[in-house]
Amino acid sequence: MNEEYRTKEELLERAKAVLEKSLSDIIPSEMLEVVRAEVTMYGGRRKGLFGELVEQFVFDLATNNRSEADFNIAGVELKTNPIKRHPTKTYVSKERLVFSMIDYRAIVHEAWETSSFLKKNRRLLLMFYLWLAEKNLLDYEFKFVRLLDLLGDISKEDILQIRKDWEFIVAKIKRGEAHLLSEADTYYLGACTKSSNSATVRDQADTDIKAKPRAFSLKQQYLNYLIQRELLGKEANTESIFSKIRAVAGVEDVFLSKFGPFLGKTDDEIKRIICWERGSKAKNYKRLLVNKMLGVTSNRIEELEKANITLRVVTLEPSGTLKESVSFPTFDYETLANEKWEDEENETMANFHLELETRKFLFVVFQKLKDSDAIVLRKAMFWNFPMKDLSEAERVFEVAKSCVKDGRYGDLPKISESTVAHVRPHGKNSTDKLPTPQGTMEMKRCFWLNSKYVQKAIGY
DNA sequence: GCATGATCATGC
DNA sequence: GCATGATCATGC
1 MNEEYRTKEE LLERAKAVLE KSLSDIIPSE MLEVVRAEVT MYGGRRKGLF
51 GELVEQFVFD LATNNRSEAD FNIAGVELKT NPIKRHPTKT YVSKERLVFS
101 MIDYRAIVHE AWETSSFLKK NRRLLLMFYL WLAEKNLLDY EFKFVRLLDL
151 LGDISKEDIL QIRKDWEFIV AKIKRGEAHL LSEADTYYLG ACTKSSNSAT
201 VRDQADTDIK AKPRAFSLKQ QYLNYLIQRE LLGKEANTES IFSKIRAVAG
251 VEDVFLSKFG PFLGKTDDEI KRIICWERGS KAKNYKRLLV NKMLGVTSNR
301 IEELEKANIT LRVVTLEPSG TLKESVSFPT FDYETLANEK WEDEENETMA
351 NFHLELETRK FLFVVFQKLK DSDAIVLRKA MFWNFPMKDL SEAERVFEVA
401 KSCVKDGRYG DLPKISESTV AHVRPHGKNS TDKLPTPQGT MEMKRCFWLN
451 SKYVQKAIGY
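Read in order, the letters of the first sequence are residues 1 to 460 in my numbering.
Be aware that a few hints might be false.
[Claimed, not checked] BS3-like, lysine-lysine: derived pairs with alpha carbons at most 25 angstroms apart:
hint, residue 1, residue 2
1, K79, K271
2, K258, K244
3, K286, K156
4, K368, K379
5, K89, K120
[Claimed, not checked] Between beta-carbon pairs, the in silico distance windows are:
hint, residue 1, residue 2, range
6, L232, T440, 39 to 49 angstroms
7, S243, P87, 22 to 32 angstroms
8, E177, E334, 50 to 60 angstroms
Hint data in this document are derived by calculation from the structure and do not stem from the laboratory.
C-beta atoms are modelled at their ideal positions from N, C-alpha and C, and glycine is treated no differently.
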């Protein structure tokens, strides 16, 4: 197609030539007006426009070739990706890194090694540009560019996990459950929604149920890890479980195997095994015990952060009931009043929705013993919110949103009003407040998953 | 025993 | 200083 580039190194050199520059710096002045007009007209709506302009003006590909699918020169797939400044991490990605659409019918016949995903996306040319809300896309500056070979440049453990993720997604599609896919199902490679609009559905194998269109993507947290550690070469500030035990297995297996020896044991027995002495009074006692079992000394564990997994210690009563609900981040009233559960135009979701579809939990389950201070480790399990309950969560969200919009803070959804979720305070105390759309102040609150719901989810 | 509102403790 | 996770107090 284009004779100029024969090797990926030539492509990289070309990409590097635009570092610290923006498209408006490199677009020939006689064309700039036309392009500006195009951006003004389509900029917001045509997601691919930035990438298309890069192909045309950075790589001199003819206008009629403007289509992401066609950029595959020297076996390299071009990805332009927005980054934002971050106080401690210099840059974080604004979004996940989205690959090609998943063809639900075709993919069930594929194997990982020969998959269309790998064929197309194995070798990437990544161009990161600094995104700023107030800037025109023609003025975004390129900050760093890298070649990335998905099979060659990342660790064995990560490649294995990505493969497992791909296989998990394909297995779910094979079972005719494409409509139940969630980005939180997997660890590093996700099946993210590509909603043109909610009415858009795709056929899947062996069932008449329509599923939302989805694409493979590197999850945002994993991409941020890649940016920090692999692409910018920053030091780790997390502890890696994998490196400690030199494991080559999936994230799930490695973590669960760490808990295996302690299942059914009391905290005293566990402490004896790991040679650790400590009173049980501290509020973070159980978390410290968990960290000891995992062999880490802090709460920042690389494999959990990379996969957006929250470790939660839950404690059952002797009867097996769970008293405590599970909280999500405090919400901002003004944001909540204005966000949409699903915003198709901007391809965004409400924060609570995003949490449910992207966050995984590692529940470490203890149970109190009757007439004793002792606790027993019952199980450890990974869990993410099942898509079958999403519409109920959406209902709770909509009730909460309309309460906030109307200033009816006493009517926020209570735990008795849904089997899944509710709204409760979540501040330092009742004076810990945030501004509302009405201009008043209200105590901090957040969404919670009902204790009973979580109890069932963990099998009690 | 449970729903609800509230606060505490820790670490980033 | 604040977010997050963990827990408490009260009243029905």
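Results of checking the hints against the structure:
Proposed proximity of K79 and K271 is contradicted: the alpha carbons are some 49 angstroms apart, above 25 angstroms. At most 25 angstroms may separate the alpha-carbon atoms for a hinted pair to count; K258 and K244 meet this at roughly 12 angstroms. Restraint check for K286 and K156: the C-alpha separation of about 32 angstroms exceeds 25 angstroms, so the hint is violated. Between K368 and K379, the direct Cα distance comes to roughly 13 angstroms. Compliance with the 25 angstroms bound is thereby established for this hinted pair.
Among the hinted pairs, K89 with K120 is inconsistent with the structure: their alpha-carbon atoms are about 30 angstroms apart, more than 25 angstroms. Checked against the given bound of 39 to 49 angstroms, the beta carbons of L232 and T440, roughly 44 angstroms apart, stay inside it. At roughly 27 angstroms, the beta-carbon separation of S243 and P87 lies within the given 22 to 32 angstroms, and the hint holds. About 37 angstroms separates the C-beta atoms of E177 and E334, a value inconsistent with the hinted range of 50 to 60 angstroms.
Against the hints set out earlier in the document, violations occur for numbers 1, 3, 5, 8.
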